[in-house]
Amino acid sequence: MLSKLNIKQAKEGLRKKEFSSVELTRACLDRIKQTDEKLNVFVTLTEKEAIEQAKKADSDLALQGETLEAKLLLGIPIAIKDNFSTLGIRTTASAKVLDDYIPPFDSTVVKKLKEAGAVILGKTNMDAWAHGSSTEASDYGSTRNPWNIKHLPGGSSGGSAASIAANQCIGAIGSETAGSIRQPASWCGVVGLKPTYGRVSRFGVVAMGSSFDSPGSITKTVYDSALILEVLAGNDEMDATTTPKVVPSYTQALTYKKSDFIIGVSDEYFIDGIDPEVEEKVKEAIVKLEKMGAKLKKIKLFDPKYAIDVYTIIQRSEVSSNLARYDGIRYGNDRSFFADEAKRRIMFGTHALSSGYYDQYYNKASKVRSVIIEDFKKAFEKVDVIIAPTSPSLALPVGATKDQAMFGELSDVLVEPSSIAGLSGINLPVGLSDSSLPIGMQIIGPQFAEEKVLQIAYLYEQGTQTEEWRKREPEL
Amino acid sequence: MNNYTPVIGLEVHVELKTKSKMFCSCSSDYFGKKPNTHTCPVCLGLPGALPVPNKKAIQWCIMIGLSLNCNIPLLSKFDRKNYFYPDLPKGYQISQYDMPFCINGKIELSNGKKIGIRRVHMEEDTGKLIHETIEGEKVSLIDFNRSGVPLVEIVTEPDFESTEDVKEYLQKLQQIVRYLKVSDANMEKGDMRLEPNISLRSNNTNTTNTNNKPISNKELPKYKVEVKNINSFKFVEKAINFEIERQSEILKNGQTPKQETRGFVEKSGSTVSQRSKEEASDYRYFPEPDIPPLRWTKNYIEGLKLEMPELPDKKLKRFKSEYGLSEYDSIILSREKNLAEYFESAVNDGKNQGVSPKQIANHIINKKTDIDSYLPSELVRSIIKSSKKVDVDEKKLDEIINKVLSENKKAVLDYKKGKKTAIMYLLGQVMREFSEKIDAQKVKILITNKVNSYEQN
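As you go down the protein sequences, you meet chains A and B in turn. Here the first sequence is numbered in the numbering used here, starting from 70 and rising by one per residue. Here the second sequence is numbered in the numbering used here, starting from 1061 and rising by one per residue.
One should not assume that every hint holds.
Sample of chain A residues with no beta-carbon within 12 Å of chain B, all distances over it, derived [unchecked claim]: (1) Q78; (2) E138; (3) L167; (4) K366; (5) K369; (6) E443; (7) F476; (8) L479.
Subject to a maximum C-alpha distance of 27 Å in a straight line, what follows is the list of computed DSSO-like cross-link-like pairs (lysine-lysine) [claimed, not checked]: (9) A:K314 / B:K1358; (10) A:K180 / B:K1115; (11) B:K1116 / B:K1358; (12) B:K1137 / A:K314.
If you're looking for bench data, these hints aren't it; they were derived computationally from the structure. Built from N, CA and C at the ideal position, the CB exists for glycine as well.
One chain only, chain A, in its complex shape (with noise of 0.2 Å):
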């Protein structure tokens, strides 16, 4: 099944042209076709566009060279979360107030991933505006775990994680505010990345917390993700958050063998209430990566409790300025087209807005966001990342977020501190419960610290590479 490979092993096949950009297009395409019932993962699938770029990359591979070596994805299919515009192709981020938006223009990923030569399978299926970690959320129905149909998949980029765990795609798109990466890779036992908030434009992802949001990506391998990332990476006139900081080369960054890391692990992270496996499979992770030379270092870091009300307060107000914009008067459906969530988070965010309350709810929350920060930055002087489970749970059954107003909150509560301080962080998968559902680890960096934590990360799935688990994949 060639929609199986990674990034790197279908780049070297279509480089030694054991197959084509098609037939790889179509094997995605097939497998989506032949899983997607089950799993809801998208929410516009563009196949005849899919395969016209695909056959464009044939053209293009057949040049060799150097287009081959500029074109770090040509020829690769590649699943969007649909928060991120698509020229001429549905953009809803799986909101019905936007069930038939088509964007005129491309955000600055999608126009990165086309220059890139990838192939774009469609858009996947998320919570409405992000506002979730679940899919439950989602206008257009939950998307399933392909490891097992009655559990949720994690969200926002629920259906990006899904997509790659049933190897629908090559490659995959997500963004995450607080945890909407890591927390569906971390579900769906495949790897997150969350680059550092400016490394990667946010330029045409329909917008959700602004001070927060990070587009990223969701891949079968840490070299996958550092590869995207050197695409994505980079400076961006149209948005002015991001950094002109030079982008290193991050696949080239995993060929150095270095081990000597300082991990710092704090208590705080392995909180009450934690699924018991998730906490004894990294504990034995943390332990793995010891024996591969890594130093580990007790560090004490602020409660994660704190963050939630935070993140809250902020990415509410955001999120109530943000959604002003679909009043009714463009984009074809009105008001009454939001669901509870979205309804929930505008009457939050400008309550906590209101004169009167600003001070009180934004302006305190923007003061604590600021400890976060600097108790982070105290933390990355003494150690070179942070590692913890990225979710407490492993994934919770289909329902679970019924009547649960704050399930997003709870559930992300160990990712949310580090991204209020726009930290770099990745999930891993580390095993299996066993119940077959899995459990992953996150590595968190100091802002711009990227290589590292891909490093880290490369360094740990190598060295793993042949454990038990990593023979299964889930049975659809």
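Dock chain B against chain A, hints included.
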């Protein structure tokens, strides 16, 4: 009416004439253009579009602030002003709330009164709503060409007490932005929009408030009426006068005017209530997360000062001191930057040709020189030509003077009786005898001497 002193403050919006809009690269030259042709995802507020601030517009905003003697804080930021209106595509306007680019300025009026400038900040314009009837159906159309055009808002302290001062301030402000070449400040095109706020303070110091403490003269009234939709200096005057009248009537009856926003109605020259304090919007300002805070260095601000032209007030003073011009001439010549530059160019040209600044000023003002048709050097040449004196034969001149005096005995007699102007008549008669231009001053002296010598005889 005399029992109250008006307390007036002004908010003025000036649209900048940058090439591109405030947060995108669309052309900001929207006036008279086909609707919705100067738009892009950013100024249409499409999902995911992000604002990137226009550096030039910010520089110009700071220059306006510097011209008004403002402080320029080295840290500033943009904020979102959230409100709903169909012409506002994002559901919020990007503006500045608590950290504007320029603060605490002042400007001096000709009577010496100083008007405080509270703040000068940067924001974006909205789209334009057009209400029309198309095929019998009433429709509202939106043109987003103006959406995102850079606007600078200049807010004064409530330091005005008369419409004359308001008018002078507005003229000065218009003159400054034109000097800086940052806006055409054309009222008809809406480049400059005016919002006065007016209240009345009692002059009777014995008046007591509810706490029975005397109200200090400096204390601001407890209410404020803002008037919107004014697009000419004349209408500002009308609106303010109308409000002074209206509010003093209310106060005379022992009541306090409502704190509210009123709209100006051109036809009647009156104002009508739009919304009261209770209905005032809560804009839910918060820092614009899409634009990082902006930091300047002192050097950067000093550099901007160097780029700025000499401003009207300074130029006026210099014209008086450097060229010895009258107040009147200096005001006229410094009113517009082009004219001032023309004048100084001519002065420079005339310097080595014996043409004085005063002569040039007189020529420009009195002869209403069309500065677009004549080069400054051409002006100087024509001044020289018209004032060229011809040396006349002294003997011939003496003969002619004698002839004129003998033919005009009555005038000579009048002069002797004390009618000094008779000399001018005689001078005119003498001059008529010459076809070329001769030195009238010299002739006048000769005639006077001769007439006086008759007396001695």
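Structure versus earlier hints - violations, ascending order: Hint 3 is the one this structure does not satisfy, whereas the remaining hints hold.
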